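Chains as they are written, first to last, in our numbering: chain A, 1 to 254; chain B, 1 to 70.
Just so you know, these hints were derived from the structure itself, not from any lab. As the structure is a computational prediction, the values presented were derived from the model and not from experiment. Just so it is clear, CB atoms sit at the ideal spot from N, CA and C, and this is done for glycine as well. Errors might be hidden in some of the hints.
Claimed, not checked - Dumping the calculated DSSO-like pairs for lysine-lysine here, alpha-carbon to alpha-carbon at most 27 Å: (1) A:Lys93 with A:Lys77; (2) B:Lys43 with A:Lys95; (3) A:Lys197 with B:Lys43; (4) B:Lys57 with A:Lys77; (5) A:Lys219 with B:Lys57; (6) A:Lys77 with A:Lys197.
To be verified - Partner residues aside, some chain A positions facing chain B, computed with beta carbon under 7 Å: (7) His66; (8) Pro70; (9) Thr120.
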Amino acid sequence: MRQPQRKTRTQKTTRRQLPHSQPPELPEKTDEAVQYLSQLGQLTVPTPPPESDIHSIAIIGQIEGHLTLPPQNKTTKYEHVIPQLVAIEQNPKVKGLLVLLNTVGGDVEAGLAIAEMIDTVSKPTVSLVLGGGHSIGVPIAVSADYSFITETATMTIHPIRLSGMVIGVPQTYEYLDKMQDRVIKFVTKHSRISEEKFRELMFCTDQLARDIGTVMVGKDAVEIGLIDEVGGLAQAVRKLRELIESRENGGVLH
Amino acid sequence: MLWTVMPLDVVLAGSDSYRPSYVEIRRGQAVLLVEAAGANAGKLARLISSDPNDYLKPELQPGMNIGLNG
């Protein structure tokens with residue numbers, strides 16, 4: 001009975017002695033991780049971020065146009081986003097673009113410019129509407145090759161004329177109508193919604209308390225044909241990967 | 001022309017008194033338009049460059065703090 005116990009003790013002792021008999025080699029001083037650990041006592045090492053072949057652009061707050069908005073606004077600056085899209089188009093390391101939207105709308109021309117740029121990027125693009133993609137956010141959301149909306153995100157479609165304003169220049173209804181037509185044409189060309197249906201939503205009178213228009217939540221936007229699918233980040237990235245793969249295999253983007 | 005669900009008086013509040021002063025800084029081939037915030041510091045308001053890759057640099061994104069003394 002005692003013999004096995006003794007054996008165990010011997011084994012344990014042997015194990016304990018092992019580290020002493022074979023001292024581990026110390027890592028070289030140049031090792032950044034060890035330097036950080038010894039100097040600062042922490043393990044977080046500033047490693048260069050892994051290069052991603054997917055770039056993402058967040059369209060947030062107000063889309064700022066020709067007028068610099070006062071600082072209480074969070075803005076997306078179109079003069080920065082447009083050359084970013086040029087860089088994404090011409091950089092061979094970038095294979096796809098993910099556009100994240102949480103915008104309350106903004107400048108019509110700037111918004112349409114961004115939407116046209118995203119539409120004409122030759123690489124696969126996927127958009128994801130998060131909290132909201134209202135007003136001029138709608139054409140940007142539909143400009144991507146494939147669009148997603150989260151379950152709780154909302155999109156508001158309302159006429160331009162009720163909140164439209166051109167600084168210093170009084171505009172005629174004809175001008176506002178033309179602006180509206182530009183948006184409607186873009187949206188109906190890039191989604192499954194018909195012009196008739198879009199106008200119906202835009203001029204709906206029983207949805208908004210102080211305005212005319214329609215608010216759509218998540219799957220409403222999909223059912224009506226504006227957005228392709230309800231989904232979140234994982235689905236959006238997966239779809240983008242699929243599109244990248246299909247493009248590399250000679251597939252055609254829709 | 002603004003098309004937004006936010007009331008215009010909220011969006012444009014303070015636009016009469018908002019008069020930022022900008023300083024131009026040259027970084028290589030790029031020109032940075034920096035909004036002064038304090039004596040030697042500022043926030044990048046706009047980047048002007050003909051190299052599109054400049055617009056992807058993290059340190060040249062709008063809102064980044066830029067030292068005005070180089």
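Cross-check of the supplied hints:
Annotation: proposed proximity of Lys93 of chain A to Lys77 of chain A holds, straight-line Cα distance about 24 Å (limit 27 Å). For the hint linking Lys43 of chain B to Lys95 of chain A, the alpha-carbon distance of about 31 Å lies beyond 27 Å, and the restraint is violated. About 45 Å separates the Cα atoms of Lys197 of chain A and Lys43 of chain B, which puts this hinted pair outside 27 Å; it is violated. Distance hint between Lys57 of chain B and Lys77 of chain A is fulfilled; the C-alpha atoms sit about 16 Å from each other, no more than 27 Å.
Our distance criterion of 27 Å between C-alpha atoms is broken by Lys219 of chain A and Lys57 of chain B, whose separation comes to about 36 Å. Only pairs whose Cα atoms come within 27 Å are accepted, and Lys77 of chain A paired with Lys197 of chain A is rejected, the gap being roughly 31 Å. With a least beta-carbon distance of about 9 Å to chain B, the hint placing His66 of chain A at the interface is violated under the 7 Å criterion. Satisfaction of the interface hint for Pro70 of chain A is found here, the shortest Cβ-Cβ separation to chain B being roughly 4 Å, below the 7 Å cut-off.
Given hint, Thr120 of chain A at the interface with chain B, is violated; its Cβ is 15 Å from that chain's nearest Cβ, farther than 7 Å.
Of the numbered hints given earlier, the model fails hints 2, 3, 5, 6, 7 and 9; all others are met.
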